[in-house]
Amino acid sequence: MIKVLDRWAVDSRLVFTIVGLSVFGIAMIYSAGAVHIPNPVTDSAWLRQSLWFGLALVAFTVLVRVPLRWIEWVAIPAYVISIVLLGITLIIGTGVGTAVGVRSWIDLGFIGFQPSEIAKLATVLVVARVLSQREAPLTSLKDLLVPAILVGLPLGLVMLQPDLGTAIAFVGILFAMLYWAGTPVALLLLVASPVIGLFLSYDTRIWSFYIIALIGFLYLYRYRLFLFESVALVVANFASATISRPLWNSLATYQQNRILVYLDPEVDPRGAGYQIIQSKVAIGSGGVMGQGFTLGSQKRYDFLPEQHTDFIFSVVGEELGFLGAALAISVFTYVLSRMVHLAEKSADPFAGLVLLGIFGTWLVHIFVNIGMTVGVLPITGIPLPFVSYGGTFLFMSWVAVAVAVRVAHEW
Amino acid sequence: MNLRMPHERKRRALGVYIAIAVVMAALTVAFFRIQVLGSSTWELRAESNRIRQLPIPTSRGIIYDRNGQILADNVPGYAITLLPGPLDSARATLERMSDYVEISEPQIERVVSTMARFGREVIVDADADFQVISALEERRAEFPGLYIEMRPRRRYLVREAAAHVLGYVGEITGEELSLSAFPEERYEQGMIVGKGGIEKQYEALLQGRRGLKYVEFDARGRIVGDFAGVSTDPGEEGGELRLNIDLELQEWIHQIFPDSMAGAVVALDPDDGGVLALYSAPSFDPNEFVGGIEQEHWNALNTDEKRPLFDRAVLGLYPPASTWKLAAAGIALDLGVVTPDEHMSVPCNGGWFYGDRYWRCHDAGGHGYQTLAEAIGNSCDVYFYQLGLRIGLDDMLRRATNIGFSRQCGVDLPQESRGIFPAEREWWNRNFNYSPSQGEVLNLAIGQGPNSQTPLKVAQFYLALARNGSAPAPTIARGIDLGQSWSLDLEPEHIEALREGLRKVTAPGGTAHFGTALEHWEVIGKTGTGEHALSQAELAEPHAWFAGMAGRPGEAPEIVVAVIVEYGASGSAMAAPIMAKTADFYLRKRYGIPIDSVQTYREHLLRGIPTPWYSARYAPRTEAPQ
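These protein sequence lines map, in sequence, to chains A and B. With my numbering applied, the first sequence covers 1 to 411. With my numbering applied, the second sequence covers 1 to 626.
Think of the hints as simulated: they come from the structure by calculation, not from any bench. Source: prediction; values computed, not measured. Where hints are given, some of them may not hold.
Reference listing, derived: stretches of chain A covered by chain B, where coverage requires no fewer than 3 residues with Cβ under 8 Å from a Cβ of chain B [said to hold, decoys possible]:
| no. | segment |
| --- | --- |
| 1 | 111-117 |
| 2 | 147-158 |
| 3 | 320-330 |
| 4 | 335-344 |
| 5 | 368-381 |
No residue lacks a Cβ here, since even glycine has one placed at the ideal position from N, Cα and C.
Turn these sequences into a full structure, and let the hints steer you where they fit.
Here is the structure:
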């Protein structure tokens with residue numbers, strides 16, 4: 001039986017789990033549209049999502065038969081095209097729905113799509129190609145420069161849109177792939193140190209301890225890094241601490257609020273805190289067993305404008321309860337673990353890196369999206385893979401599945 | 001590369017598995033905490049219940065006068081609010097409600113469409129009567145989604161007496177919501193904001209910050225209780241505001257100002273330019289505006305030809321007439337074209353030929369030869385025609401403009417008219433399309449011609465005369481430095497010469513003596529008779545002016561007052577007594593002397609009350625005491 005299914009899906013366990021997630025997503029989108037004051041957009045969202053799911057399965061069927069070397073070959077052109085598209089987006093891009101102010105969509109009239117979705121996959125492919133062709137191990141900061149630039153370019157363009165959530169996904173790609181390519185964990189932490197310092201700099205004393213610890217660590221680590229690299233790290237840390245205040249001031253008020261509200265939702269119970277509070281009430285009302293599919297009362301009153309996209313998991317929590325939420329989290333855990341398992345089994349470095357890159361994207365999306373609904377993480381507009389409403393997002397996620405399955409099973 | 005080695009991949013994969021486990025465990029724990037451990041706090045009490053945020057209105061800041069008396073405070077009021085729900089049900093509720101509340105079909109549609117657009121609670125009546133509220137409360141079950149909100153209601157204790165200066169409040173308009181003065185974080189539909197006067201000027205201070213609470217509702221829209229999961233934000237009350245205004249003085253002016261007349265009274269404190277009183281007649285009751293003025297009443301206020309809503313004190317522009325002769329005299333003294341003691345070459349014989357026309361003096365009998373002070377005392381036009389010519393048109397335009405007669409005073413009110421005074425000859429070309437002749441200066445010198453000032457501006461000019469020649473911007477709020485000031489730039493002896501002229505006006509034999517002589521105080525000032533288009537056509541009386549200052553005899557003035565009575569005919573008979581009575585009230589209160597409604601010498605004479613103080617001051621016995 002598995003053999004028969006494998007003929008279509010290649011990796012039945014992964015692919016059918018994700019089919020299950022997608023169907024689950026459509027069901028939840030249907031439920032999210034069942035509100036007290038019906039709204040033509042959310043009302044039929046599940047139908048459009050089903051249509052896109054059909055298209056995604058067709059694309060999967062075709063793409064899963066594309067040889068790995070072709071995928072490897074297409075990496076560079078795909079990357080170049082997606083960078084160009086991101087650039088164009090900044091000029092002619094439009095906002096959609098509640099994120100009207102963000103220029104992240106290209107509207108072709110009959111269809112709209114987010115170039116950043118293409119850019120994520122293209123970046124994974126190009127970084128996998130660069131890292132897999134490298135023979136020497138990655139031991140110094142200099143070695144990380146090329147992958148960092150390859151990821152930094154689309155990341156910067158996405159930040160300009162500004163789409164913070166997607167930008168974080170690019171960070172996930174970079175770190176997952178560098179780790180898989182053999183970069184020492186200590187080195188990765190050093191790379192992350194200016195960002196850590198940025199957040200710690202809100203308190204001068206804490207930051208002072210931190211910078212002393214960092215310099216001490218660099219001293220112990222001195223034989224593994226060039227001197228200029230150590231100096232550059234310290235300079236970067238000082239620089240990030242210096243710009244933290246102007247950077248904070250340059251954030252839009254709604255962005256500042258989201259961060260403040262994350263630290264304390266009651267700081268701004270009217271604005272950004274409203275979403276967290278409503279989401280937590282919906283989830284809390286679900287209790288252990290949930291209120292039942294389509295029966296969530298908070299949801300029925302349309303408590304959030306994004307309950308079929310970014311806050312879909314709040315609906316899951318309200319209607320299916322802790323059992324449903326925990327089950328959904330377990331399924332995501334299985335999908336992620338399966339990706340790592342496939343990478344582990346794959347002798348081809350390119351294949352393993354592609355799997356880890358896609359894994360990195362999904363991990364960030366899942367963690368950040370679900371985390372924000374329960375107030376574990378700040379609110380960023382980032383959808384939940386396979387579940388949130390969004391046609392092109394579902395489609396591109398399935399393209400990623402096809403690529404992942406193909407590279408994992410070609411030996 | 002070591003990725004080709006299975007054991008290395010295994011080692012790396014282990015790290016990733018640990019990362020997945022940590023992340024997913026963190027999420028599961030978060031859900032466990034909210035859904036299993038914390039469900040009593042985060043859970044709603046019934047499956048059909050839901051939570052909503054509701055604003056908690058806070059009190060608007062109280063406005064006090066200079067002595068700590070309350071000008072505006074708040075009393076409890078009620079707003080009828082409809083919570084969001086299915087639109088059909090909301091419409092049905094409103095229709096049922098219309099039996100008890102005055103609500104028209106278009107209003108119902110407006111409420112429903114606002115709800116459909118914003119999906120939040122909508123105010124049906126921002127200020128409902130208590131009877132209506134009780135009627136609705138009794139039939140609570142018939143009105144799902146009805147929410148009665150306690151909200152403080154503004155109350156103006158002084159009613160008509162201080163309506164223009166205080167302004168009033170009303171519901172914020174859509175237009176106002178789009179202005180940067182009403183930032184999104186603090187203002188939303190249904191809020192009450194200042195609409196004029198001090199209420200508008202100090203809106204940001206008075207408003208305070210709305211609080212917020214989360215409440216739980218049942219399916220029929222009834223409030224079950226406050227939601228336990230989130231604490232209430234009580235908001236912040238509006239800040240208090242203390243004014244320089246003297247409430248009792250303001251009420252006194254309202255009382256003595258002739259009932260059927262229109263006009264304005266401005267009283268300033270020479271110490272700091274504080275506005276002691278700012279009164280415009282006729283007035284209105286600002287309480288009528290609170291909670292929305294009735295259409296009928298609004299129409300009446302707007303169609304009244306006396307324009308009660310118009311603040312004449314700061315917006316009305318009038319020819320300053322003879323009150324402005326002091327400015328001409330000051331300019332002449334400063335230019336050195338005249339000295340206080342010299343006589344003009346032509347004596348006043350009731351008029352004067354200049355150019356091709358005969359220029360009249362108001363007194364056809366003539367004033368003869370006069371010094372500057374005498375000419376001010378007589379308000380002699382012939383003297384001032386010649387004085388104007390000595391200054392010359394160009395210098396007159398330049399100096400008067402420099403002093404500030406075409407600027408605003410800079411008072412802390414949202415609106416103030418700018419004085420009209422030509423800055424250069426070009427002005428006539430622009431406005432009337434002809435080049436002015438030198439003769440224009442004759443008109444300007446007596447305060448006529450293209451010269452219009454607000455009562456506040458005239459008061460500010462006399463404030464400068466009462467001080468050392470400079471005047472700060474008049475300030476209504478206490479302890480605020482508006483920083484703007486203007487200066488006449490005169491030598492002290494020139495100011496003294498001008499004051500000597502003002503003294504002649506109110507001295508025995510002066511134009512305004514009977515109406516301004518007071519028992520305890522010395523009043524000096526200048527009358528004015530403002531000719532305007534209607535009065536020149538002899539269709540109406542001219543405007544009556546009096547501007548001056550008062551204090552203890554022989555000492556520095558303690559109050560400056562400017563009065564205009566529209567179509568009041570005579571500055572000395574109509575405006576001067578109002579000024580004197582205003583000053584008398586303020587000074588008596590200041591020095592603890594009981595108030596008496598019979599104040600001026602004229603009032604004493606009319607009532608036949610003996611005036612020993614008058615004989616003692618103005619007609620002392622010549623024989624030596626025994």
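Exercise. For the segment 111-117 of chain A, do three or more residues have a beta carbon lying closer than 8 Å to a beta carbon of chain B?
Worked result: violated (count 0)
Problem set entry | Claimed coverage, the segment 368-381 of chain A by chain B - three or more beta carbons nearer than 8 Å | holds (count 5)
Problem set entry | Claimed coverage, the segment 320-330 of chain A by chain B - three or more beta carbons nearer than 8 Å | It holds, with 6 qualifying residues against the three required.
For this session: Please count how many residues of the segment 335-344 of chain A have a CB within 8 Å of a CB from chain B and say whether that reaches 3.
Result: holds (count 6)
Exercise. Count the residues of the segment 147-158 of chain A with a beta-carbon closer than 8 Å to any beta-carbon of chain B: does the count reach three?
Worked result: violated (count 0)
Violation of the numbered hints given earlier is confined to hints 1, 2; the remaining hints are satisfied by the structure.
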